[in-house]
Amino acid sequence: MNLSFTKQTLANGLDVLLHEDHDCPIVAINVWYHVGSKNERPGHTGFAHLFEHLMFEGSAHHDHGYFQPLQGAGASLNGSTNSDRTNYWEVVPTAALELGLWMESDRMGYLLPALTEAKFSNQRAVVLNERRQNYENRPYGLSAMAILAALFPPDHPYHWTTIGEVADLNAVRLDEVHAFFARYYHPANASLTLAGDIDPDQALALVRAYFEDIPAGENVEPVRAAASLDRDVRILLEDRVELPRLCMAWLSAAMFTEGDADLDLAADLLANGKTSRLYRRLVFEERIATDVSASQNSREIGGYVQLAATSAPGHALGELERVILEEIGRLGADGPTDDEIERGRVQAEAQFVFRLQTVGGFGGKSDQLNAYNVFLGDPAYFDRDLQRYCSVTNRSLQQTVRRYFDPARRVTLSIVPRGRIELAAPDSVPAVVS
Amino acid sequence: MTDRLVTIDRSRLPEPGPSGPVRFPAIERSALPNGLNVWTVRHAQVPVVACSLLIRRGASSDPAGKHGLAAMTADMLDEGSGDRSAIEIHEAIARLGTQLETDIGSDGIVAGFTVLARFVDRALALLADVVVRPAMRDGDMARVRQLRLHRLTQLRDVPSAIADRAFLGLIYGEHPYGHAPIGTELALASMTVDDVRAFHERAIRPSVATLIAVGDCDHAAIHQMALDVFGGWHGAAADGEPGDPALPQPPRLSIVPRARAPQSELRIGHVAVARDTPDYHALVTANMVLGGQFSSRINLNLREDKGVTYGARTAFDFRRRPGPFVLQVGVQTSATAQSIAESIGEISAMVSTRPITVEELRLAAASLTRGYARNFETADQIARAAAQLALYDLPDTSFAEFVPRIERLTTEEVTAAMARHLHASRLVTVVVGDYDAVGADLDRLGLGDPVILSPETF
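Protein chains in written order, with this note's numbering: chain A, 1 to 434; chain B, 435 to 892.
Just chain A, with the same shape it has in the complex (with noise of 0.2 Å):
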């Protein structure tokens, strides 16, 4: 399996990524921008995102809204931010690739002359009912919160969410945005890829003419930070909801390192799937849950593993915490079997064939080059990172599991519903999200 590729560094520091795809006649234009939430301090959380909403306001040469010129030209287009990078796409008929790349280098070199106060005010409150939409008026929505403000301390910045407080937000200024865009909006802090229907000499050539002449940035530091649990915390929020949840989060892994590949196999085997040991436990045999999942989320600087659970009514948090600890103490003893080891190998090159089916938007091929590129300054690191999965052993991910599912060294939050405390795992303080 391949993602075959060029790279080219342009004089100002933009890294261009080309991948030639000629099966459908589209080009993805995908752009990373090396800054999520791990880059705000406390206090001014949940900018980062902020600003990815006013990269759709406009720019210097073209103050009319981002959407409205892609989509009529049959372009579909998104953006994200999550803690560690923003990224931005456009997936464009092949005709369209010089529109698109007008419109990218545009807002990269010129977008603050078109912000004004009336643009950020109007951002602002999109992205408070954003909030309220995804996270407050959503059941469980307020659990990444509480988990990643127990997991890391205050002043870590994985210590918040992406989409931030509301103080914060209420607060933030429109010089702040000056200021961001300065530090982290350059050249030398992007990575372009364009992948799909081009002919990669014209394709850099017409990069080179719309980006070449953006000024470079200074370089952005690494951020550091460190976490560590000496406790199990134990935490409760009471939520609208019907039945309670319990997730339980480890620090773990960052992405890309020892361990990261295992946990990620683990989380499979573990809790997702009508095949894995606590579905099988916990709402195939005892029928004491309604749901079990499991995710090791890997970042730049750190990871955590998690595992929720819901109860089936009539069942306290406690019993499905005793039957967790029970089965991961039970991989960590005996180990997985043979069948799990290869049953996950063949997911993970499913999951990465599947990938290469299309060019652009969330998890396309020129997002992972993206992803590559940024986080290892490698784009050629596809075929190592299935490599990765398919190296796990038994072994490995035993010893992997010992490491990091440690019992005393934890987050475990109960979520019940309003006024019954008691279905709380035991010894659950209330936590504080704002």
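Honestly, the hints are just simulated from the structure, not real lab data. Take the hints with a grain of salt, since some may be wrong.
Said to hold, decoys possible - Calculated lysine to any residue pairs in the SDA-like style (CA-CA distance at most 20 Å, straight line):
(1) B:Lys740 <-> B:Asp713
(2) B:Lys740 <-> A:Ala125
(3) A:Lys274 <-> B:Glu535
(4) B:Lys500 <-> B:Asp628
(5) A:Lys274 <-> B:Val578
Assemble the complex: chain A is given as a structure, and chain B must be docked to it using the hints.
Just chain B, lined up with the frame of chain A:
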């Protein structure tokens, strides 16, 4: 220093050239003696095959009093087969590196896998195991029914789910489209494994089924595999398409109270039009202007001008029989009545004071046609498109005709089509929100006294 091969001009946007014609890949077709259609599309760029089985019976075939039966039956398919237990079937699927995807709509059920091409024979055999010979044991049924009941319990706290179900119930009443596929707690509680077996016997039959395989595969080989594993499947499905029962005359404004909700979830619409309408292309295009994409009138109004929502969307849900037109939006509580008035105003203006302009039509048509090819990039996308042809009896030329038909539309045609199918006076509005905070404002909308619906009903 750079050799400039391109001159750039930031004083105006580059005008993209035309997109080439979209050629939907050819569908090869055959049928088994039992009536099962076998359709394949060769799309061999990546060693993957998407295999799915479309059954042209869905939640609208749920018997009265047994709402949720079609979905329950679909859910029971992979809970064991023949002598094999549910766990054994789940493990067999997991060994292919995939999972069974089932999708249940009003008019159809789709069950299938996407697999690495080397597994296609095993995937088809497993698909036949689960569809043709599901074990449907009593004990598994009790477990699955309980899980679905728990899911319904949880949905009581999901504002968008409450709004969807309340809206469908109001506009369709007892019509087969009036309930969500998951059904109701009352119906599920009394549902038995015999009900599920009877539904399987009546609906999941080769006479209404189409097997679709898209990817790195060959028609003759797929046909032979299908014959081997689906050949022993027999029977004709019972009729599933009664005539259109009378629709209710719902109140114009209803609210499901949700105390202290920070947002109101809104649905605004009415029963509109079926997939086979000659106005299909005009309506799809007009909807792009109204609320079908980011740069549409309603989204620009509520999000980019007023800032009261994260996003608003409208859609015609085209089905075998007339499906709903609906606006879906969550708005901050303080802007509830204002957003309803603005939305109804935008919908009504499309067919009265502000009909679609030439420029709007040009942009909407371009956004649908120029990027049309990207709808057929992956095996899954092509399989889904082929399933649309099978589900709605559309000709193969549908995809090739899409672009030229949109490009030929005039503003008069588009406005006339909207006027035929969208009626501001018939719009039904559902609010899931904080009644104490919004009630007084709702009274002033001129939509009559809001009818208060109990959250327990949904």
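Evaluated hints:
no., hint, in the structure
1, B:Lys740 <-> B:Asp713, "violated, 32 Å"
2, B:Lys740 <-> A:Ala125, "holds, 9 Å"
3, A:Lys274 <-> B:Glu535, "holds, 13 Å"
4, B:Lys500 <-> B:Asp628, "holds, 12 Å"
5, A:Lys274 <-> B:Val578, "holds, 12 Å"
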